[in-house]
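Let's have the full structure, built from the sequences with the hints guiding it.
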Amino acid sequence: MPKKLSRNTHENEVTDESVYLSRRSLLKGFGGSILGYHSPLLYSDKSSSTGNEFGSELHQMLFQKIKSRLKEDAIKLAESTPFNYASSYNNFYEFGSGKSDPKKNAKKFITDPWEVSVQGECDGAGTYHLEDLVRPHLLEERIYRLRCVEAWSMVIPWVGLPLLSLLKRFKPRSNAKYVKFETLYDPIQMPGQKSLFSAIEYPYVEALRMDEATNELSFLALGMYGKILPNQNGAPIRLVVPWKYGFKSIKSIVKIEFVEERPVTTWMKSNPREYGFYSNVNPSVDHPRWSQATERRLPSSIFSPNIRPTEMFNGYGDEVAYLYRGMDLKKFY
Amino acid sequence: MPTFAFLSVCAVPFLWVFLRAICTLIFDKNYFGADPGMELVTFFGQVAIVFLFMTLSFSHLGRPLKTLRVPRMRRILGLSVFFYATLHFASYLIFLAGFEFEKYYYDLVTKNRIILGSFAYFFLFLLAATSIDSVARNLGIAWVYLHRSVYLIAGLVVFHVFLSAKENFSFSVFLFCGCLALLGVRLSKAWRRSKLRTPIFKA
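Those sequence lines, one after another, are chains W and C. When you line the first sequence up against our numbering, it's residues 1 to 333, in that order. When you line the second sequence up against our numbering, it's residues 1001 to 1203, in that order.
Heads up, a few of these hints could be off.
In silico BS3-like pairs for lysine-lysine, Cα to Cα no more than 25 Å straight-line [claimed, not checked]:
1. W:Lys108 - W:Lys227
2. W:Lys99 - C:Lys1029
3. W:Lys269 - W:Lys330
4. W:Lys168 - W:Lys255
5. W:Lys330 - C:Lys1103
6. C:Lys1166 - W:Lys194
7. W:Lys255 - W:Lys269
8. W:Lys67 - C:Lys1029
9. C:Lys1029 - W:Lys104
10. C:Lys1111 - W:Lys99
Calculated from the structure, these hints are not laboratory results. Values in this document were obtained by computation on a predicted structure and should not be read as measured data.
Printed below as a string of structure tokens:
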């Protein structure tokens, strides 16, 4: 992972901080996590051997004290099961509109075999098995902030591949201006798709402008927290665009299409006044029904609401602001 | 004794939250899911709505409820609505507005659902404040008219819920129908009573 990308997101910000950090630090000795605490190189083993060679007794003692302190914290934090929050509290309307519905209803979701159909303005059109799509790529981990349009946020370590590297293989033509994605449509497996009272049309459609899709932040996730993507989080393959509201990050993708015209995306169609095509995280453009100026970082507790200001482009301005130069983001929300 | 039992039943939703809060403190565990703020706001709001509809349908449920022999039962129900609406409002202020009154004020002037909700709460407050016997006696007939605004509150609440829904409007439609039905029953009863009072045949 390029260092630049991890500039804002430290490992210790991961929603699943406890288990994730403690797992690693337990494995590698607590010394590793002390020295690597604010460094993206936490994974490297080079700091774990510092255990025994101390110049003075003072250093030895300090090290022991810090170590025991960290151990205490790690054990305390590990009691909560934070991977559970990211995998049990999310929106996936195909599996129900409640936050805990996806986990409940996606248990038997079949993701193998999985095919992705590639269509439109490209030379590599066709239907691909997921394993053929993934095989030639080296997977990487990216820790991204996820900001939901509903004003809550998480930090999640995704595992996957940059969208750009996959799109390149399909050789899009020069008249491909947008990339359109579609979620599986299968009302038998996805009970939410036959809900009578829902104002959403299925299959779920999302799209990115070509330059957004080829930005190095755009990511296709196949796993999270070092595990295969849970069904409820969009298995087997989903998009992650961290500078846009969560609903842009379409789940369980079965179709990728290169198109010339800007597609009408699902939420835009359902309520154009509330959801625009770009849906960039922007604290100064309100959702008509609530303010986007702040967010609740989850998990929060009833004794600390954990409210923090929302950043422009979810804090990824350096990487993506150039895409929107000269655009009135109040109009193109 | 029946009053106390009834009061405790009304307090069950609150005690349930309270118990979980205490457990959170003692066991240092989260019993409220990933987003406790949102959960509390929604939960207290829903409980307040249930009590509101119980209050509205009270006179139509009269006979079975009378056997419980609880004096001033409707008042207890009405005050429960106010109690849970207060918790709903307070948890909105604390967890969603971050206890910043500028933020509440901003929402109040820009967001319709907050305006509706605040209005409904304001009327609920008036009703709760005038629910004491002596006040009611002093207000006389004005008290009756004032307390009919509970139907206005119900209307405001229905629209508040409607504007809070994201894509599924079934709950607000359900509430709307319930509201219409209760209002219809109430009006038809009033109409029949007024017909009884005016003699049709004069001797």
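Verification of the supplied hints:
1. W:Lys108 - W:Lys227: OK: lysine 108 (chain W) and lysine 227 (chain W) at ~18 Å, within 25 Å.
2. W:Lys99 - C:Lys1029: Roughly 20 Å between the alpha carbons, so the hint for lysine 99 (chain W) and lysine 1029 (chain C) holds.
3. W:Lys269 - W:Lys330: Distance of about 19 Å is within 25 Å: holds.
4. W:Lys168 - W:Lys255: holds (16 Å)
5. W:Lys330 - C:Lys1103: Within the cut-off at roughly 20 Å; holds.
6. C:Lys1166 - W:Lys194: holds (17 Å)
7. W:Lys255 - W:Lys269: holds (19 Å)
8. W:Lys67 - C:Lys1029: Holds: lysine 67 (chain W) and lysine 1029 (chain C) sit about 24 Å apart, inside 25 Å.
9. C:Lys1029 - W:Lys104: Holds - the C-alpha atoms of lysine 104 (chain W) and lysine 1029 (chain C) are around 22 Å apart, at most 25 Å.
10. C:Lys1111 - W:Lys99: Cα-Cα ~24 Å, so holds.
In terms of the numbered hints stated before, the structure departs from none.
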